[in-house]
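Asker: So the chains spell out like this:
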Amino acid sequence: MIQQVKRYLNTQREAAPLAVFRVSFGLLMLASLIRFWSHGWIEKFYIAPSFHFTFYGFEWVRPFGNYTYLLFAICALSTIMIIIGYKYRLAIIIFFLSFTYIELMDKTMYLNHYYFISMLSFLMIFIPAGSYFSIDALQLSRKRTATPIQFVPRWTIDSIKLLLGIVYVYAGLAKLNSDWLVKAMPLKIWLPSKFDIPFIGDLLGQEWVHYAFSWFGAGYDLLIPFFLLWRKSRPFAFIMVIIFHVLTRVLFPIGMFPYVMIVSALIFFDVGFHKKIIYAFAKAVKYPQQLLETAQHYASRNLNLAKASIVIVAIFFTVQLLLPWRYLAYPGELFWTEEGYRFSWRVMLMEKSGYAQFKIVDGVSGKRFYVDNTDFLTPLQEKQMSFQPDFILEYAHYLRDHFEGQGHQEVEVYVESYVALNGRLSTTYIDPKADLAQIEDSFAHKNWIIPFTDEIKGL
Amino acid sequence: MKKIFGIIAIALFFYACGSDDTTLTTDDSGTVNTGNFDRSAMLTNWADNIIVPGYIDFNAKVNTLESATAAFTADASDLTAVRAAWLDAYTTWQRVSMFEIGPAETVNLRLNVNIYPANVTTIESNIDNGSYDFGLSSNRSAKGFPAIDYLLYGLGADETAILAVYNGTEGAAYKQYLNDVVADMKQLTASVLSEWQGSYRAAFIENDGASATASTDRFVNDYIFYYEKFLRAGKMGIPGGVFSGNVEVGNLEALYAGNLSKELFLVGLDATQDFFNGKAYNTNAQGESLSSYLDELNAIKDGVDLIEIINSQFDVARASVSALGSFESELSQNPPSTFLESYNEVQRLIPLLKVDMVSAMSISIDFADADGD
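Chains as they are written, first to last, in this note's numbering: chain A, 1 to 459; chain B, 1 to 373.
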């Protein structure tokens with residue numbers, strides 16, 4: 001067993017897939033950042049709001065006012081370095097840090113695909129994706145003593161496949177619940193509202209279509225990594241990848257994610273495919289072809305570092321495999337309490353919305369009044385806050401501090417909130433008698449959430 | 001094989017790229033959706049049977065107010081007729097106030113005719129100066145119904161005292177101001193009505209898609225915004241001190257005339273419920289509406305009868321507010337418990353509209369232009 005693992009870890013493969021992956025990843029990230037910037041979202045989401053929802057333990061991560069643009073610029077610069085493969089290791093570290101920092105600045109903006117990018121870029125720190133078809137390789141070739149590599153450890157390519165596989169399979173497992181499979185929720189709500197899409201618009205109101213999409217979606221997520229792995233089914237599987245993600249792109253506002261997934265799936269293709277791409281590019285940019293066929297294997301200059309990398313990647317995947325199951329440690333319905341919901345590849349699973357009205361009570365004077373949320377939050381923040389308990393608590397604490405700062409004493413904060421989930425009638429969400437000003441946030445179960453009145457079976 | 005595959009991939013990719021951030025519009029035959037609610041029929045009902053007739057009526061009432069004002073300023077001996085015309089127009093306003101979309105939104109009709117309380121200082125200084133530009137936003141609280149309220153009820157302790165102002169040395173300036181305020185309302189109202197009777201109606205109905213900028217999505221947002229901010233908060237919540245902890249009687253609607261704000265509120269509440277049910281203006285005929293839309297969706301999703309819940313909450317809120325004395329007398333209680341209880345019934349509709357209704361329709365509230373996943 002150990003022998004097999006060792007042999008596996010020492011196996012090397014051609015580096016072309018990593019190079020293609022690196023370049024396309026960099027290009028997509030650059031496009032993504034430019035898109036974000038050009039929509040005015042940096043200003044709108046990170047600079048304009050006076051208040052930001054933070055992640056537990058990362059309260060110190062804040063936007064830098066107008067210098068936030070600089071942060072985005074640094075991140076964009078690192079993507080260019082990644083594309084051309086210039087000082088790759090440094091570039092990917094900068095990208096990982098800056099991108100993750102951006103995502104930590106405001107929880108309102110949390111998206112699974114941003115989390116995916118963060119995790120992928122972390123993994124890529126340990127992968128020699130910049131050593132082939134890159135400026136780094138070109139510069140190395142100018143030194144007499146060293147030759148750029150043509151082969152990399154096989155596990156570095158496989159680890160990207162594994163991460164993609166985890167994303168898909170966990171997204172599929174999350175769909176194995178009664179709302180998704182038996183009630184075709186939330187697609188039954190979402191699809192009919194897309195009646196104005198050309199060609200298929202009329203179909204989207206049909207109930208059988210809702211079920212077909214639900215079941216197909218779950219099956220797709222669960223099986224697609226395996227179809228991509230198997231050489232014979234690969235072309236078919238890749239067509240499915242394109243159809244699936246393009247469809248989601250047409251139906252839902254999910255930004256760059258479909259393109260990221262489509263391009264990422266190319267990693268499953270054979271070396272021959274990637275080499276064709278590389279050779280075409282190399283010709284276009286006049287990259288010396290002999291550097292693509294050096295027959296040089298990858299050898300780490302520092303053996304301890306190489307070993308540490310493998311250990312870190314192993315730990316990384318262990319965490320990835322376990323983290324989505326943490327919800328089992330909490331009582332109550334996951335979709336309702338959202339305790340353990342994030343960072344688990346639960347993608348487009350629920351139609352959930354809420355309404356939260358906060359009551360402030362001056363504990364000394366007894367004076368009470370309600371808060372107009374628009375005084376403090378952006379529409380997007382208010383929307384996200386209204387159905388997620390950790391947002392509600394953080395906002396309640398902000399209100400407490402705000403009104404105590406205004407001279408009110410021993411401020412108590414109560415919330416009257418209603419949440420509707422997957423077509424059910426809205427019900428009271430947070431205990432209206434709980435003084436949120438007194439409750440501290442933690443990873444412990446939030447017993448001030450009123451339990452879900454229905455039952456959703458499954459994972 | 002490979003070539004075809006590549007072509008398909010590229011074509012799909014560009015199709016998806018092409019749809020980026022653009023509004024997809026329905027093709028002309030899109031109104032015959034099978035298994036889908038016909039939004040265009042609903043928009044037509046809104047425009048032809050509710051909104052336009054409402055504006056026609058309101059415009060007529062404003063015209064009547066104008067002639068009554070002209071008669072009063074010609075012979076300032078009796079306030080009865082002009083006051084009645086003002087109240088009639090003000091009451092009708094409550095039925096059209098929520099239609100702040102398109103032409104009304106362009107001219108900011110609501111902000112121009114019903115910002116209250118009126119700013120008496122600005123009104124008096126305008127009258128003193130004899131020159132004012134009603135196009136300035138700083139003058140919004142010095143015109144419209146609240147300003148007329150002040151001019152017809154607030155200039156003196158009683159009718160005799162008020163008439164004395166109009167017949168006094170400054171009388172001409174006050175008369176002029178009153179006429180100008182009414183003329184401003186008339187001009188705004190006429191422009192909104194003529195837009196609706198002109199090209200806007202067709203534009204409104206044609207925009208029958210499902211994007212955030214489609215008529216249905218935008219109007220549902222406007223409708224809920226009206227209910228929450230202007231009906232609930234403006235007419236009850238703010239005067240009742242819900243947001244400040246202190247009763248603010250000075251923020252009641254029709255402050256100087258007094259004892260009217262409850263009636264004006266109830267007309268507004270009726271208007272929002274009638275709109276929900278698609279009831280044609282001033283009749284009992286019903287057409288496609290939010291309620292029939294929910295009905296259609298419920299038929300598909302076999303959900304709870306949300307329509308009944310919403311309508312009965314409207315009824316509960318109406319009964320509760322109707323049972324109150326005038327808002328002035330209720331707010332003189334300390335604390336105004338019965339008033340606040342009624343407010344709570346009015347408040348209870350908000351989660352039903354803002355969470356349950358829109359989530360069933362998959363309409364986003366305060367649409368934020370951002371990605372989801």
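Careful, some of the hints might be misleading.
With a cut-off of at most 25 angstroms between alpha-carbon atoms, the simulated SDA-like pairs for lysine to any residue come out as follows [stated by the list, open to error]: (1) A:352 / B:160; (2) A:275 / A:433; (3) B:229 / A:379; (4) A:194 / B:344; (5) A:194 / B:176; (6) A:44 / B:61; (7) A:161 / A:194; (8) B:229 / A:194; (9) B:229 / A:118; (10) A:194 / B:61; (11) A:433 / B:364; (12) B:61 / B:105; (13) A:359 / B:344; (14) A:87 / A:373; (15) A:352 / B:324; (16) A:161 / A:320; (17) A:276 / A:290; (18) A:194 / B:334; (19) A:433 / B:344.
Honestly, the hints are just simulated from the structure, not real lab data.
Asker: If a hint holds in the structure, say so; if it doesn't, say that too.
Answerer: For each hint, the structure was consulted:
A distance of roughly 60 angstroms separates the Cα atoms of residue 352 (chain A) and residue 160 (chain B); the hinted pair therefore is violated under the 25 angstroms criterion. Simply put, residue 275 (chain A) and residue 433 (chain A) have alpha-carbon atoms about 65 angstroms apart, too far for the 25 angstroms limit, and the pair is violated. For the proposed pair residue 229 (chain B) and residue 379 (chain A), the alpha carbon gap of about 15 angstroms is at most 25 angstroms, so the pair holds. Restraint check for residue 194 (chain A) and residue 344 (chain B): not satisfied, since their Cα atoms lie roughly 35 angstroms apart, outside the 25 angstroms limit.
Taking the CA atoms of residue 194 (chain A) and residue 176 (chain B), the gap is about 54 angstroms. The hint is violated against a cut of 25 angstroms. Between residue 44 (chain A) and residue 61 (chain B) the alpha-carbon distance is near 43 angstroms, which puts this suggested pair outside the 25 angstroms criterion. Simply put, residue 161 (chain A) and residue 194 (chain A) have alpha-carbon atoms about 33 angstroms apart, too far for the 25 angstroms limit, and the pair is violated. Pair hint residue 229 (chain B) plus residue 194 (chain A) does not hold up; C-alpha atoms about 29 angstroms apart against a cutoff of 25 angstroms.
The hinted pair formed by residue 229 (chain B) and residue 118 (chain A) fails the criterion: a straight-line CA distance of about 41 angstroms is larger than 25 angstroms. With a C-alpha separation of about 41 angstroms, the suggested pairing of residue 194 (chain A) with residue 61 (chain B) is violated against the 25 angstroms cut-off. Distance restraint check for residue 433 (chain A) and residue 364 (chain B): the Cα-Cα separation of roughly 29 angstroms exceeds the 25 angstroms cut-off, and the hinted pair is therefore not satisfied. Among the hinted pairs, residue 61 (chain B) with residue 105 (chain B) is consistent with the structure: their alpha-carbon atoms are about 21 angstroms apart, no more than 25 angstroms.
Taking the CA atoms of residue 359 (chain A) and residue 344 (chain B), the gap is near 13 angstroms; set against the 25 angstroms cutoff, the hint holds. Distance check on the hinted pair: residue 87 (chain A) and residue 373 (chain A) sit about 47 angstroms apart at the alpha-carbon level, beyond 25 angstroms; violated. For the hint linking residue 352 (chain A) to residue 324 (chain B), the alpha-carbon distance of about 37 angstroms lies beyond 25 angstroms, and the restraint is violated. Proximity of residue 161 (chain A) to residue 320 (chain A) is assessed by CA-CA distance (about 14 angstroms); at most 25 angstroms being required, the pair is judged to hold.
Our distance criterion of 25 angstroms between C-alpha atoms is met by residue 276 (chain A) and residue 290 (chain A), whose separation comes to about 15 angstroms. Among the hinted pairs, residue 194 (chain A) with residue 334 (chain B) is inconsistent with the structure: their alpha-carbon atoms are about 51 angstroms apart, more than 25 angstroms. Taking the CA atoms of residue 433 (chain A) and residue 344 (chain B), the gap is near 16 angstroms; set against the 25 angstroms cutoff, the hint holds.
Against the hints set out earlier in the document, violations occur for numbers 1, 2, 4, 5, 6, 7, 8, 9, 10, 11, 14, 15, 18.
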